[in-house]
Amino acid sequence: MKLTEIPVDGIPYDHLRIEKIPVTPAFAPRDPELLPASSRVLVVNPDRICMPIGAMWAVLGIHRAIPFVQGAQGCTTYARYTFSRIFKEPATIATASFHEDAAVFGGRMNLVEGLRNLVVRYWPEVIGVVTTCSSEIMGDDMTSFIGEARMKLQAEIGPERTEQIAIVPINTPSFAGSHVEGYDRAAKAFVQSLATDRDAPTNRVNIIPGLFYPGDIREIKHILQEMGIESTVLFDISDTLDAPLEPPQSIPYYPPGGTHVAEIKGMANAAATFALQLDAGGSGARYLERKFGVPAVVGPVPVGVVATDTLLQNLGKATGCATSPALRAERGRLVDAMADTFHHTMMKRVAVFGDPDYVSGITRFVCELGMTPVAVSAGTESKNFAAAVETVFSEYQSLFLDPPKVFNGSDLFEFEEYLKTLPRLDLIIGNSKGVDIARELEVPIVRAGFPIYDRFGYQKRPIVGYRGAELFLYEIANAVLDHRYPDDRTQQL
Amino acid sequence: MPFVDLKCNEKIPERGKHIYVHDPENSVIPACNVKTIPGDMTERGCAFAGARGVIGGPIADIIAMVHAPVGCAWFTWGTRRHLSDLYPWATPTRLANSAFNRRYCAVTDMQEKDVVFGGMKKLKQSCVEAFRLFPEARGMIIFTTCTTGLIGDDVQGVARQVEKEVGKLVFTAESPGCSGVSQSKGHHDFNTQFYRQVKALRQRRPELKMREEDKTDYDICLIGDYNMDWDLQVIKPLFEKIGVRIVAVFSGNERIENLVKMIDVRLNVVHCQRSAEYIAHMIQDGFNTPFTRVSLYGIEQTAEALRKTAAHFGLEERAEKVIAGEIARVEKAMAFYREKLAGKRIAIYVGGPRVWHWIRLMEELGMEVIAGACTFAHEDDYEKINARSKPGVLVIDSPNEFELEEMLITLKPDLFLAGLKEKYLGRKMGIPTVNSHSYEKGPYAGFAGMVNFARDIYQGIYAPVWRFQDGIPEMPQREGED
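Quick mapping for you: the protein sequence lines, in order, are chains L and F. The first sequence begins at 1 in my numbering and counts up by one. The second sequence begins at 494 in my numbering and counts up by one.
Because the hints were derived from the structure by calculation, they are not lab data. Just to be clear, a hint being listed does not mean it is correct.
Said to hold, decoys possible - For lysine-lysine, the following DSS-like pairs were computed, each having C-alpha atoms within a straight-line distance of at most 27 angstroms:
hint: 1; chain 1: L; residue 1: 405; chain 2: F; residue 2: 934
hint: 2; chain 1: F; residue 1: 661; chain 2: L; residue 2: 152
hint: 3; chain 1: L; residue 1: 20; chain 2: F; residue 2: 504
Claimed, not checked - Chain F is faced by these chain L residues, among others (derived, beta-carbon under 7 angstroms):
hint: 4; residue: 12
hint: 5; residue: 23
hint: 6; residue: 32
hint: 7; residue: 34
hint: 8; residue: 38
hint: 9; residue: 72
hint: 10; residue: 74
hint: 11; residue: 114
hint: 12; residue: 118
hint: 13; residue: 396
hint: 14; residue: 399
hint: 15; residue: 401
hint: 16; residue: 405
hint: 17; residue: 436
A quick note: this is a predicted structure, and the numbers were derived from the prediction, not measured. Idealized CB from N, CA, C, for every residue including glycine.
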């Protein structure tokens, strides 16, 4: 740093530029034998997180609910940290604080004391008890522990107040699945625990959005409102993880919004349940169908024209409601935008990665745009994903230049090494973990999916519905223009 | 008594002994480094975070092998901003976008059957595969977690086998998340285990020690700096200019082979005195190498650190010259910020040592620290906090979220220096925050970094956004439906 004087506005980043030192004198290709994830046991750059964080995500979408994580402090702190990175919001999550003694004697005391301490200070309406690797390995008997905790609470705060607190256990050992399954298990656990009676059927619908962002949930609510459909969104993070700054704040901090317990209780009375993501929430919808005959509509992921059309048709069938002029105009604007942009999207080679439902939804949409998906990768292995992309590819194969490569349950290392072998790639669509790959391949990245933490605002911009697809399309088209086109050729688009 | 009971703790009176108002006449040390009360909404992390995230993560040229289900590895992949200059190749002509220690995340991905039958075979194969895939790695550290700690995998045995087979350095850091009261346990574990393994390695392979002819009389090791946001880029030149040579940094942007040589220096300079003073003590006890404690934040403290180090080597004159030059470089900027920040009231909540590192720094800017809270501090940290605090400062050990909220609402500081999780909480209460763990836009250390720090504090307090937080002025409000 050769500055003789440090400027008032700090050391400029160009004076902090680091001379990169190569770790080896020259490039050497990676051992080809070990590139396929299936040929090694080691996982490098996983595109999935642990099961508990998916369940915590879900609980954070409930009104005055607090996840209680039955594990070590890191299981909570890392998840809170991740939520804060993504949403730029506080995320209140309690921990059982496992220390050595819990590892030896089990987590009974931690749960019983922990729930008590949480309740008498925070008075939550709902507690989602999320288990972890350690509590599952030790074999913590959550049902009996929670029973004991309830008895302790009854003695201290009385049976009535204890009764008012819903405590829902969710078993989420990370060694048995990813965050996607964690969310899925939470969806099932909540309807199973709370939606116990079909006593007064209504024309409401249940929406289980899956790991979609606040912006997406708002878009879905907008569609429902336009169609005149009343709904319960389980788990509604649209306000809880996108709260306004308007002090004074009462303490303890509870974000506004979230799904109310009464609404969840009414879910068995609904006309249908729509799980927008198949792997994240489908189990909740299917449970309500099995148990109470509430029809389950699981997928398709409503990204793009056809999948949104299908959602509207299915909503119409379930409720008898019709589309509105506003929705038809939104669809028309999306189609108009597609007509305006296809010269710049068609035949562009795109790679898509992320959670299985994000990838299958986005893959369909890019095909609708006439793009050529060259590689799609689901970080969490999924049969639904395999079936969904196969269907899309068979519908659109006449437009493809090359057959797309499908990775199901692979890691990002295999994905990036595959992309590096391609003669050409125009765009990558995926979460923040793909930024390095995009920079190295000198290909633009459009951020979508979970998690996005390295930029602002993505949690608020929808990709679902007609309006979401239109916004998403502009990002895709502009990324191509920004990257590939000389500016003097974009004067007349 | 200086101890205070916050309103939010009415139902858990045990918390009372963790919280006090500093009174120099009646100085107390709170209960600290003890178990967290379950369900109290702690901000603490786990022992694994201390070992993998804080100390192991910054080492530049090793594979950090996390022996766990994917989550623990994913969470520690490129999150903490411990940067490095050592880059793998992305293509034959281009280096990667992120440094080696942050570009790849290696994990054994423990599955249910591995938990049942044990994960050692899988670990061994993963290690061998990792060395095949990343031949550029100079070594490996295997980190255990709750899962692999509880099932009792013999990780050291695997490490020895892999080292024998592959011929590269393989260390272990066994610090499962549930093994201690906070991340501090992970720091301690890493220090102890690493020191022991380095010592054994030097006996086993003496050629890894620094050769006599390579040693100088001015060799130091900087212990407890993790190169947050390139702090080392401002710190290292200062030491070089006064005429000492930094042989190794424990562990920011450091090469594993240099860390094996950290025992060969003349003086250890300890910056973070919570997470890494252990190893300085062990080196002193084992090899008679002295250490000195320094703070590399703020103008006065950085100057003092250089003076202390220089005094050890008889380099005082050179140090004075360097200090004078550095102060001149930042004087104009500092004058601007001193004027803007005078009289502002600050609350600090960080891991531990930064609370006392920063009290004087805030005073240099004319500000006053009115509250300090530490996630994992020990008795000696609180002694230092007490020594530096004005009477009336509220001190909280291992605060939970509710206590921080009560502190913010009752004290209404002008700025809250906190971690990522708490910074968004502060903002919801209309209180400006600065990320004090990975920084907003660092480096913050040393003389030049102080300007960045002051700038981010200034931006926090003076951002126009705070003028708009009270809603639409003079406008009737309709109640909402919700």
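Hints, one by one, checked against the model:
| no. | hint | result |
| --- | --- | --- |
| 1 | L:405 to F:934 | violated, 40 angstroms |
| 2 | F:661 to L:152 | violated, 55 angstroms |
| 3 | L:20 to F:504 | violated, 54 angstroms |
| 4 | 12 | violated, 10 angstroms |
| 5 | 23 | holds, 4 angstroms |
| 6 | 32 | violated, 10 angstroms |
| 7 | 34 | holds, 5 angstroms |
| 8 | 38 | violated, 13 angstroms |
| 9 | 72 | holds, 3 angstroms |
| 10 | 74 | holds, 3 angstroms |
| 11 | 114 | holds, 3 angstroms |
| 12 | 118 | holds, 4 angstroms |
| 13 | 396 | violated, 31 angstroms |
| 14 | 399 | violated, 30 angstroms |
| 15 | 401 | violated, 23 angstroms |
| 16 | 405 | violated, 20 angstroms |
| 17 | 436 | holds, 4 angstroms |
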